[in-house]
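Engineer: These are the residues of each chain, in order.
Protein chains: 2
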Amino acid sequence: MRFHFKSIIHILGMLLIINSVFMLTALPFSIYFQDMQHWAILKAFAITMGAGSLAFFFTRQTERVVKKRDVYIVVTFGWILMALSATLPYLFSGAIHNLTDAFFECISGYTTTGASILKDIEAVAPSILYWRSLTQWIGGMGIIVLTVAILPLIGVGGMQLFVAEAPGISADKLRPRITDTAKRLWVIYIGLTLTETVLLRVFGMTWYDAFNHSLTTMATGGFSTKNASIAHFPNPLIQYTIIIFMFFAGTNFSMMYFGFQGQLKKVWNNDEFRAYFLSIVGLSTVFGLYVGYQLYGDIELGFRDVAFQLVSLITTTGFVSADYTSWAPFLTILCFILLFVGGSAGSTAGGIKTVRHLILAKNGWLDLKRQLHPSAVIPVRLNGKAVSGEITYTVLAFVIIFLITFVIGAMLLAMTGLDLMTAMGASATSLGNVGPGIGSVGPVDNFAWLPPMAKWICSSLMLLGRLELFTVLLLFTPFFWRGN
Amino acid sequence: MRFHFKSIIHILGMLLIINSVFMLTALPFSIYFQDMQHWAILKAFAITMGAGSLAFFFTRQTERVVKKRDVYIVVTFGWILMALSATLPYLFSGAIHNLTDAFFECISGYTTTGASILKDIEAVAPSILYWRSLTQWIGGMGIIVLTVAILPLIGVGGMQLFVAEAPGISADKLRPRITDTAKRLWVIYIGLTLTETVLLRVFGMTWYDAFNHSLTTMATGGFSTKNASIAHFPNPLIQYTIIIFMFFAGTNFSMMYFGFQGQLKKVWNNDEFRAYFLSIVGLSTVFGLYVGYQLYGDIELGFRDVAFQLVSLITTTGFVSADYTSWAPFLTILCFILLFVGGSAGSTAGGIKTVRHLILAKNGWLDLKRQLHPSAVIPVRLNGKAVSGEITYTVLAFVIIFLITFVIGAMLLAMTGLDLMTAMGASATSLGNVGPGIGSVGPVDNFAWLPPMAKWICSSLMLLGRLELFTVLLLFTPFFWRGN
Ligand SMILES: [K+]
Ligand SMILES: [K+]
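Protein sequence lines correspond, in order, to chains A and B. Under the numbering used here, the letters of the first sequence match residues 1 to 484, in that order. Under the numbering used here, the letters of the second sequence match residues 1001 to 1484, in that order.
Pulled out of the complex, with its shape left as it was, chain A reads as follows:
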């Protein structure tokens, strides 16, 4: 048999069980805040746990065989099933009334996109809002496993590149190493989430808000408990804290692991980290001073707002502290471009990722050299080593397919009636898992008003982007199913 469906169902069942346990953690919130959502949560838990257990136990006898083709199915349908089951608390609580909207909100959660159809976030019960934040945090955990373990295994989009740098991973014997590496990175993930929570509490947020925003910061998710997002908290200490933790969340977790071990030189010598760090500092300084001096007349506020938005967009977090589309046309276009940047590979950030841009830029420069010396072999160098032509090629192909998907997405969205700007913004922000876009899905808007078809298109784009395109696209080819 080409596919091992029993194994696939077994794993999907396990995922549902895990998801249901996470769901249950919303119960204490409901009880504490007395928001009357305990039955909604319990029902959602029971159904998810029940379905997961059935799938898990009825397939438990089978041999544990999972081949490469099965992995694509597990990953894609795993993400979809998690999101589908996660709609239950929304639907049972009445926070969202229809499946289209609920699925949009959930896939936006698990893909850590953070685009929202909720018009009045603050009217939603605290336990349900916590569940909303948690979907992003779970998504972030999933991304860590995906990037350090699964994508390198199936070789998607040049992901081998940074994994060589991941602590404790080598080419063979993947299974035990996966668990090791993922666990180490999860410890960092959990540790940073808790640290940020404490800091935000100290700087004046409630424990609840501090915890929720920390969950969605580390996931580079961007769901907020406030309608105005981080603009609700004009406190500079809070905003700078979030800037720093967004920066962490967009950093390769392996680099953070080395950083916490005190190997700062190793971190600084990492080309991607340096490019990521320097571009953020450089752009924030230049445009921060411009906005502060020219537009606000308040250097600190201008710098903070710009730094916040640039970091938020580059790391694909999508928190909003100011309406970046109101600054100046060329800053709007810069922010639109930043939707395509993405944080570092090996972080929870979405998008194309810094390392791919770095290879693209270096390679573009070398192409000019190659033009003059067509017979010479001039490889791209990354972290002092030559990058194989194959990986360079894969990176170029990935970027092109990313852009083609963006264009098709924008085109389809425009066909549902969206104007050009909004369609481009929605397509880019969904595909890059950022959250806010430009046009009528800008930083001060939401996605509630989109026609249902547009919501499904955005949902698909989020999934495509989050799973590095190939994982999902492959399922739409006849030869994946036929064999060959």
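Because the hints were derived from the structure by calculation, they are not lab data. No false leads were slipped in.
Pairs of lysine-lysine residues, derived as DSS-like cross-links and limited to a Cα-Cα distance of at most 25 Å, are as follows:
#1 K1068/B with K362/A
#2 K369/A with K1067/B
#3 K1266/B with K1183/B
#4 K1119/B with K1226/B
#5 K1369/B with K1385/B
#6 K67/A with K183/A
#7 K1067/B with K1183/B
#8 K1369/B with K68/A
#9 K1369/B with K67/A
#10 K1068/B with K1183/B
#11 K1006/B with K1068/B
#12 K1068/B with K369/A
#13 K266/A with K362/A
#14 K1362/B with K1266/B
#15 K362/A with K265/A
#16 K1385/B with K1266/B
#17 K119/A with K226/A
#18 K1362/B with K68/A
Examples of chain B residues toward chain A, derived with CB under 8 Å:
#19 T1332
#20 I1333
#21 L1360
#22 D1367
#23 A1397
#24 I1400
#25 I1401
#26 I1404
#27 L1418
#28 L1473
#29 F1479
#30 F1480
Here are the in silico distance ranges between beta carbons for each label pair:
#31 K1385/B with Y293/A: 57 to 63 Å
#32 F1003/B with D180/A: 54 to 60 Å
#33 G389/A with P1478/B: 20 to 26 Å
#34 E300/A with V1281/B: 55 to 61 Å
Ideal placement from N, C-alpha and C gives every residue a C-beta, glycine not left out.
For chain A, the structure is supplied; the task is to place chain B with the ligands on it using the hints.
Structural biologist: Same frame as chain A, now just chain B with the ligands:
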């Protein structure tokens, strides 16, 4: 010596001499129409001829050595010098008052872009308007030489690909073959220009208008003698004629050569031609019926307007018969995308070109197959032959650098104060050598209102796009000048 500057100056002098002779052909028009521009034309001729002759004769003793590096300089500066000298008739006649605008109009001519800073075209003297049309026609001739002879020689952007198909070209002994091939294709170019002139005259244009529009059709240039462009001529016969000749102008001239020889099967078996033909027919039919039925309530008019605009954009001609930005948002986005398509390689069309898109699409599909079979070698096939990985790579790299240039161009334009949409439209249409864009440089606008800096940015983009990027970009690298 690394560069052979005397040879370079010799060739540039020759180009100026040729240009001055072309300039002189405006004199009969001035006399016939009695538009009083004879002195302006004669002065421009004298200066251009004088400067060219000086350069030509003072370098005549040198050995005729031209190496690869010299070619880049000749091509780039050749185009710039042609445009610079072409400003003289505008400036002397007073049709345009400053160098920025005059250079914009001229580089728009020689790059066959067709973007214009003239606010009232019909107020310009007929002989000067003829000169304006002629700059495009000369540019088109230049492009034919560039694509069949020069670019394959220096190996830019995968141009080897279609040249294998060009009649009478083989790898060695380039000099005599170049002349042969270019001459054959020029015969087609001239023949089609005259044929179109006669047809347009028969269908009701004046000889003058017919000739001017034919010059700019075959160059895929798009300069018109009328403010409303082709919308000025609502005659279906005229519009269909222009559609067909735009289609010809965007076809690989080698294919037309075979076509006129009756080798229709060979033409049809050419993958690029088939993709070019079928995409035009398919898109025109689907969207033509939509616009005709849904928006106009007149099927024929809808089909004609849509077919006209699609062909005009795909072939990068840029004639306008209707305001395509007024149809529907998704059609605006389609037209915006079409700014990136470009006609066939080996035609006078600009842009990325059909064959590159074809390789991109086939390769993207195969990437999914390669994902499943990482060790298998699965090459792209074009015209029944495997395309080397090197060429596929070159195509991907070209497209990415094209898009990066577009983004940087849009960003720079936005910094001069243009809104996002206009900046993107102007960048795309300049780089793709199309002419009209979207936003405030749309089909019913012109470029006169742009700030001077924006005009220089657009001028640079036109040149970059026309010379397939690398030719120009290379001149900005230190290693080009330093050596190695
Ligand atoms: K996000
Ligand atoms: K054009």
